[in-house]
Every structure is written in C-alpha cells, then in structure tokens.
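Participant: If you read the protein sequences in the order shown, they are chains R, D, P and B. 1 is the number of the first residue of the first sequence in our numbering; add one for each residue after it. 208 is the number of the first residue of the second sequence in our numbering; add one for each residue after it. 415 is the number of the first residue of the third sequence in our numbering; add one for each residue after it. 622 is the number of the first residue of the fourth sequence in our numbering; add one for each residue after it.
Since the hints were made in silico from the structure, they are not lab data. Just to be clear, a hint being listed does not mean it is correct.
With a cut-off of at most 30 Å between alpha-carbon atoms, the simulated DSSO-like pairs for lysine-lysine come out as follows [as the list claims (entries may be wrong)]:
hint, chain 1, residue 1, chain 2, residue 2
1, R, LYS139, B, LYS796
2, R, LYS99, D, LYS242
3, P, LYS589, D, LYS346
4, R, LYS123, D, LYS220
5, P, LYS561, D, LYS346
6, B, LYS761, R, LYS139
7, P, LYS553, B, LYS796
8, R, LYS140, B, LYS768
9, P, LYS554, D, LYS354
Protein chains: 4
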Amino acid sequence: MKIDLPDSYRRFKRGPQVILPKDIGLIIAYSGIGKDSLCVDAGTGSGWLAVSLARVCNRVISYELRDDFIAIAEKNKVIANTPNLEIRKGDITKDLKEKDVDLITLDMPVMEKAVPRCKKALKPSGMIAGYLPNIEQVKKFFARLEKNGFVNIRTYECILRDILVRPEGTRPSTKGVWHTAYIVFATKAPDSQKVAKSDTAKEHANG
Amino acid sequence: MKIDLPDSYRRFKRGPQVILPKDIGLIIAYSGIGKDSLCVDAGTGSGWLAVSLARVCNRVISYELRDDFIAIAEKNKVIANTPNLEIRKGDITKDLKEKDVDLITLDMPVMEKAVPRCKKALKPSGMIAGYLPNIEQVKKFFARLEKNGFVNIRTYECILRDILVRPEGTRPSTKGVWHTAYIVFATKAPDSQKVAKSDTAKEHANG
Amino acid sequence: MKIDLPDSYRRFKRGPQVILPKDIGLIIAYSGIGKDSLCVDAGTGSGWLAVSLARVCNRVISYELRDDFIAIAEKNKVIANTPNLEIRKGDITKDLKEKDVDLITLDMPVMEKAVPRCKKALKPSGMIAGYLPNIEQVKKFFARLEKNGFVNIRTYECILRDILVRPEGTRPSTKGVWHTAYIVFATKAPDSQKVAKSDTAKEHANG
Amino acid sequence: MKIDLPDSYRRFKRGPQVILPKDIGLIIAYSGIGKDSLCVDAGTGSGWLAVSLARVCNRVISYELRDDFIAIAEKNKVIANTPNLEIRKGDITKDLKEKDVDLITLDMPVMEKAVPRCKKALKPSGMIAGYLPNIEQVKKFFARLEKNGFVNIRTYECILRDILVRPEGTRPSTKGVWHTAYIVFATKAPDSQKVAKSDTAKEHANG
Numbered sequence: 001m002k003i004d005l006p007d008s009y010r011r012f013k014r015g016p017q018v019i020l021p022k023d024i025g026l027i028i029a030y031s032g033i034g035k036d037s038l039c040v041d042a043g044t045g046s047g048w049l050a051v052s053l054a055r056v057c058n059r060v061i062s063y064e065l066r067d068d069f070i071a072i073a074e075k076n077k078v079i080a081n082t083p084n085l086e087i088r089k090g091d092i093t094k095d096l097k098e099k100d101v102d103l104i105t106l107d108m109p110v111m112e113k114a115v116p117r118c119k120k121a122l123k124p125s126g127m128i129a130g131y132l133p134n135i136e137q138v139k140k141f142f143a144r145l146e147k148n149g150f151v152n153i154r155t156y157e158c159i160l161r162d163i164l165v166r167p168e169g170t171r172p173s174t175k176g177v178w179h180t181a182y183i184v185f186a187t188k189a190p191d192s193q194k195v196a197k198s199d200t201a202k203e204h205a206n207g
Numbered sequence: 208m209k210i211d212l213p214d215s216y217r218r219f220k221r222g223p224q225v226i227l228p229k230d231i232g233l234i235i236a237y238s239g240i241g242k243d244s245l246c247v248d249a250g251t252g253s254g255w256l257a258v259s260l261a262r263v264c265n266r267v268i269s270y271e272l273r274d275d276f277i278a279i280a281e282k283n284k285v286i287a288n289t290p291n292l293e294i295r296k297g298d299i300t301k302d303l304k305e306k307d308v309d310l311i312t313l314d315m316p317v318m319e320k321a322v323p324r325c326k327k328a329l330k331p332s333g334m335i336a337g338y339l340p341n342i343e344q345v346k347k348f349f350a351r352l353e354k355n356g357f358v359n360i361r362t363y364e365c366i367l368r369d370i371l372v373r374p375e376g377t378r379p380s381t382k383g384v385w386h387t388a389y390i391v392f393a394t395k396a397p398d399s400q401k402v403a404k405s406d407t408a409k410e411h412a413n414g
Numbered sequence: 415m416k417i418d419l420p421d422s423y424r425r426f427k428r429g430p431q432v433i434l435p436k437d438i439g440l441i442i443a444y445s446g447i448g449k450d451s452l453c454v455d456a457g458t459g460s461g462w463l464a465v466s467l468a469r470v471c472n473r474v475i476s477y478e479l480r481d482d483f484i485a486i487a488e489k490n491k492v493i494a495n496t497p498n499l500e501i502r503k504g505d506i507t508k509d510l511k512e513k514d515v516d517l518i519t520l521d522m523p524v525m526e527k528a529v530p531r532c533k534k535a536l537k538p539s540g541m542i543a544g545y546l547p548n549i550e551q552v553k554k555f556f557a558r559l560e561k562n563g564f565v566n567i568r569t570y571e572c573i574l575r576d577i578l579v580r581p582e583g584t585r586p587s588t589k590g591v592w593h594t595a596y597i598v599f600a601t602k603a604p605d606s607q608k609v610a611k612s613d614t615a616k617e618h619a620n621g
Numbered sequence: 622m623k624i625d626l627p628d629s630y631r632r633f634k635r636g637p638q639v640i641l642p643k644d645i646g647l648i649i650a651y652s653g654i655g656k657d658s659l660c661v662d663a664g665t666g667s668g669w670l671a672v673s674l675a676r677v678c679n680r681v682i683s684y685e686l687r688d689d690f691i692a693i694a695e696k697n698k699v700i701a702n703t704p705n706l707e708i709r710k711g712d713i714t715k716d717l718k719e720k721d722v723d724l725i726t727l728d729m730p731v732m733e734k735a736v737p738r739c740k741k742a743l744k745p746s747g748m749i750a751g752y753l754p755n756i757e758q759v760k761k762f763f764a765r766l767e768k769n770g771f772v773n774i775r776t777y778e779c780i781l782r783d784i785l786v787r788p789e790g791t792r793p794s795t796k797g798v799w800h801t802a803y804i805v806f807a808t809k810a811p812d813s814q815k816v817a818k819s820d821t822a823k824e825h826a827n828g
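If we strip away everything but chain R, and leave its shape as in the complex, we get (with noise of 0.2 Å):
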C-alpha cells in the first residue's frame, strides 16, 4: 500500500523507517514549540522529524549512531533547506550534552535508558516525545518516565483517515494505514525541588 504523502515530504529520501506527517504534527502542535524553541532528537534515521522539527524550531540536535543514516539524514537536511539542524554521530544516552532543550523526540530502540540524561538536558516544564510501535515498550518508557518524576505522562494514537470525494459516491477508503506507532508525552516538572526523586543515580550506577 502506497503510503499518501504531501508534496513537502514527497521529496525526502527515505532510508529507515520515517515518522508519518500525522506524528510529526501531533509532536509539534502537542509540545507548543515554535521558532524560539531548541530541540533534541534521537536517533535520527531517515531525518523527516528532525527537518520537520528544524523547518518550526530554532535549533534542533539529532543523534544517530549509523553512519549511512546520517548520509540519508544529510541530504534531506539539504532537500529541506534546514541549516539550522545539526546532526552529530553519537550516544544519546551517553553523549548529550545540551542544556534547556524545549523538546527531546526519541525514536530507538531501548528508549528508556534515554530517560535520565534527557532529563538534565531539558528546562523546567520541557517536553519529551517517545516514538513507539508496540505496547511492551511504551510501558517501559511510561515507568522510566514516572519513576523520575516526570508529570503529565500521556499516550496517544493518531489514526489518519483518508475520504475519498468522488462523483461516484463519498466515502473513507477502503483500506489504509491502521498503526505506525504510539506517542508518549511527558513533561519535566516545572520545579525539580519537588518531584519525586529520580532514579538518575541508580541508573548511572547500572551502567
């Protein structure tokens, strides 16, 4: 099944699975962020959220670990005209560095471990957005994110549905994409004085 795309994305090259517009918007729109914002990602793929995230944002760093990743990423940065998206070779979860991020979106695997480094990175109130297709790890990713105190945790599926309006009859299509992935939001307390203590010593100490 041919996936339907919009011009903008149609241009992309696709390497690893891609985020879907539909995700991308529902990322954007639910994080509140915009042209002041500074975003992380991880890890990078194919690169569509990371430019979608550059073309609204300030400043967006994306991790990736593969090199042939990275090449496809780079020239969708080019295709998008986003020069403001930085793609670095690297370990989030080991080599983050940045501090008062607004967003960090995660797409990979094991992403809980992520948890606790995100954490320091982001500002107070900030967001995290985990990509996930099955249910087995969004509740991992939902415990990591709770047992270190983030708040508001949320799990959404965005289902879009394509109508067909034809002389012929107005209808939904008949079949169509049912799933990519479920999203998990969180938000980092305004005040970390207060939260429940997080587990970002343990897991250190895990290694």
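Let chain R serve as the given structure and place chains D, P and B on it in line with the hints.
Facilitator: Relative to the frame of chain R, chains D, P and B by itself:
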C-alpha cells in the same frame, strides 16, 4: 467529557469552538510551513489555530468578523507571545490583499466562497486547508477547489486515541472524541498557465 | 491485502463483493433476530449474508436478479448446510410477497426504491437493514425511510481492528480494512395507524 | 454518555458491565454458530451475551458464581424468551461437564485458568472467545491458548461508529465509545493427536 489538552493550550481562553492540537498539528506538518512562511487564516475564532501557526511561521494574518471573538483571540495572542500574528477585522472573501501566501487556513461558514480570492493570494504551490465538520460542506469546498484548478485535493480525518497505561491494565480510554472535523488540503498549481481555467470571473460576476 | 476470515467463511465461494463477518454480526445482534425469525434478503450476491442469516433464523428468502450470482450462492448454501434458505430469482422491489417479516436486509443499488414494498412485508416493529458503501446512498435511503414512517433510524460504521500479539511486541496491525460500508437500521413503527403518512401511494404512482 | 442500543436490548435489565451488541454480533458471526450449536458461557453477569447466544443456538449453558447476577440474568432470560438457556451457579474452571461444545464464551477474571477445562469440553474445531478489557489480560489468555495447542488465535477490537444524518449536515457523532474490550478467538485443533502437547496435566497439578 473533558478534552485532554497539553499545557501550552490549557492556558488559552476559549470562545467559539476551538481547533484541537491534533488538527493543528496535521495542518502544520502536512503543509510543510516553517519559519519563513506567510500564512493567512479565517475566521480567527478563539485564535488557537492562528497563534499556533504564528509560533512556527514568520507572519500570520487572521481575519475575523466578530468583535467579541477578536477580543478573545487578542488575549490568546498575548498568552502565546506571538506578536507576528495580526488579527484583522474583515471578510477574507473580500478583504484579503496579501500576495505570495504559503498557506491559507479556513474555518468559517460557506468557505467555498473564499476560494477564488485565496487562489489569487497564494503563491504557486501554496496550500489551502479547510476545516469542515460536515461531509456536505466538504463536498462543496472540494468541488469549488477543483473548479478553480487546485491540485492534489485530499480530505482527511485525524482521530486521536488516548491510551491508558495503568497498574490495573493498559487499554484505550473507553470514551473519547470521535470527530472534530474533516480537513481538506489543496495545492495551487505550480504553473497557473497550464491548469484548468479558473471560475474566478464567474465568481465575481455572481458577487 | 488479504482479509482475515474465520474458518466458517473461508470455505465459501466468492463472487461479487461479499459482506464481512463484522457487518453480518452487527446485523444479527442489532436486529435481535433468532431461531423463530423470518428474514428477507436482497440482492443475494455471493450469499454470505443470506447463509449467515439462515444459520440463526427459521427461514430466509433471498432475491437476486443475476443467474451467475444465484449459482455461486446456491453452492454456498450447500457448504453452509442451510436448506432453510430459499434463493429466488427476482426483483425485491416488485416480487416481494412475504408478510410478517422480522428483518429485511438490503445490499443492492438504489435500495431506497425497495422501501415501500419492504414496509408492507415487515411485521410491526420489524427491522430493515441497508448496507451502503457511500454516504450519498445512505442519505437517500435514510430520507426514504423517514418519509415512509420508519422510526429509530440509525447509521453505523463497524470497524474491526486486528491486534497482533507476538513475542516481539503487541500492537495493532499496521494496515487493514478501514471501510466496507455503512449500515442503516430502521424499525417499522409498532402501530402503523399512528405514524406519519407513508409515501407508498406516491411511490407506486411514480412507478 | 448514553449508549445507543437497539430495542431488543433496551428492554434488558442491567447489572454488572454488559457486553454490547457490536461485540455479541462479532462473536456470533466469527464463530459461525447456529441453530444446532451447543454453547457454554461464563460468567453470566447480566446475561446479555447468554440470552443473545440462546436466541440463535440450540442450547446455552451459562456459569455464574454470584446469586445477585443470576437473579438479573434469569429476568433477562424471561424478557428474551429463551428457555433453551440454562444458568448454573458454578465455576467453569471446575464445574464444566459438557462435551462436544461448539463455542465457549468467557467474560471473567483470570480466564486463562479455564483454558484446559474448556479444551476438554470443546469438540474438535470448536471455538473459544474471550472478552478482555486490558491488553495484559489478552496476552495471558493468548499465551495459555497457545500452550494448550489452540490454533488460529486472533485478537480483535470491534469499534462501532455512529453516523449522524441530519438536515444540518452529515458527520460521525463527536463523542462515543472508543473501547469496550478486546475479543480473542481461538480454535481447538481439528485432530488433537497432532497438536502441540497440552499443559493440562501441569494445570491440574498447580490446582
């Protein structure tokens, strides 16, 4: 039923029916707008869409006929800190003067009347997005877009499902919002000489 | 995309577009038919709905115009072992003779033409169920039912989502059937003297 | 939010959480049961599923532990006029004696415990259908079915959407029921000698 809203929207004032983040996100991502974009919006209503566009765009002009709605939207503009949003009292079908617009968003009755004027205002490959609750409205808007040579006309319904992750079990919430509106996207043909003749002249004659 | 079918349906022959178990089940449960019920069906098509009704009802009469469809449906009647199903070559809008029918199911073009004759055939509080792919068809059928004094007219869309439970993770299937048809249910008013005047006479005059 | 019910269900008494017609219909159609079928059900609850099965089957035996639920279900049995339904006080995991059962429906806590006993009661190619609100319950039931050699294990979610056809416009209802439960279907292997070893012995040992 209370609608679950992110913090950035919870602070906003509510007047007339608002457009929810799920639909705002789809409009932003699908249209591919960003920090350099010029957007036009009508009618302003509570201004949720207008301020959300202003967060991520260079400039937004929003038309509204009612003074009470303008007052609410001006408050939300302050809350969102988006001085690049200009709210104008006026009727987009007559008063729209802008040129080279990247995206026009419509949430108003009988929006098909605005199509010819919007076509003039859009730059080539610029997009229009209509937000329409009923299928009959979709069909009228769709037909007018076709008649005016718009291409890639697509109708979507964006459904957001809330997943409850709880110690007692994980499942979708039992009740929720099933429908807000259909969103119709269309693109102004890149080269206006080559597309089907517009009905602009006829439109104006009909007043 | 292969449709996932239960064993009892997988054995059936397929001719014209079939009605899927999800929609057949809704018709059976919503209408409350059972072992004492008399049902009428048109058009037979591949006969999947007719044999499914015959499994759970006392008697089913199904009308079909095309000989090739009747041949397929007769085979499915044998496979399903439902001798209480009678497949008749004929046009339900003219040939329907039964009285005191509990449920009439319609899956045919221009089904609104059958409404006056169906009204006569139904017993008081008997139900009619129409299976219609497009919204324009729903509106025409709905209007005719109202005009003929049917009550409790309801339109549903039954969506079946396939959940994959696998060692590598649990999630909905990524792709699937989004739409088969709308199902419109209506009830013949319990006391025909008291309902709005039927347009039966007018219908017949219009031929 | 009021649930929209057909007349045949509106007359029923409500006690514990009931199974809605959309899910009852799926169970009937998907299992392919009919007038010759023997069904077993547990727990009875308000008896909506049991009387619905009794309408279309030869005989239904429903097990329930609580006297207050049995009292409600006995009233619904009278309303539905289904003398072929027998409501037994008892625990299906211990008290189930039937043989050659066509379909067993389960709506009870910890239903995976009933799997080995149900397997004995079912005829070859007989089906089991479990109604489970949470995904964790689905996974436990699914695993037990696999361990006991059941085949064609499928998990569905049946979503019913209400479409409003009105003079002022046609659209889905804005709010509605998003989730009742997942339904897991499984088939007893046709030839028990050839399937994977059951864990029946172990189950009994664990008591």
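Participant: Is the hinted pair LYS139 of chain R and LYS796 of chain B satisfied, with a Cα-Cα distance of at most 30 Å?
Facilitator: The hint holds at about 27 Å.
Participant: Measure nothing beyond the straight line between the CA atoms of LYS99 of chain R and LYS242 of chain D; if it is 30 Å or shorter, mark the hint as holding.
Facilitator: Judged against 30 Å, a Cα distance of about 23 Å means the pair holds.
Participant: Keeping to a limit of 30 Å between CA atoms, is the pair of LYS553 of chain P and LYS796 of chain B held or broken?
Facilitator: This hinted pair holds, its Cα atoms lying about 21 Å apart.
Participant: When you check the alpha-carbon spacing of LYS123 of chain R and LYS220 of chain D, does it fall within 30 Å?
Facilitator: At roughly 26 Å apart (the allowed maximum being 30 Å), LYS220 of chain D and LYS123 of chain R satisfy the hint.
Participant: Would you mind confirming whether the straight-line C-alpha gap from LYS561 of chain P to LYS346 of chain D stays at or under 30 Å?
Facilitator: holds, 25 Å
Participant: If you draw a straight line from the CA of LYS140 of chain R to the CA of LYS768 of chain B, is it 30 Å or shorter?
Facilitator: Since the Cα atoms of LYS140 of chain R and LYS768 of chain B sit roughly 26 Å apart, the hinted pair holds (cutoff 30 Å).
Participant: Taken at face value, is the distance from the CA of LYS346 of chain D to the CA of LYS589 of chain P at most 30 Å?
Facilitator: holds, 27 Å
Participant: Keeping to a limit of 30 Å between CA atoms, is the pair of LYS554 of chain P and LYS354 of chain D held or broken?
Facilitator: holds, 26 Å
Participant: Hey, LYS761 of chain B versus LYS139 of chain R, does the alpha-carbon distance stay inside 30 Å?
Facilitator: holds, 16 Å
In this structure, none of the earlier numbered hints is contradicted; all agree with it.
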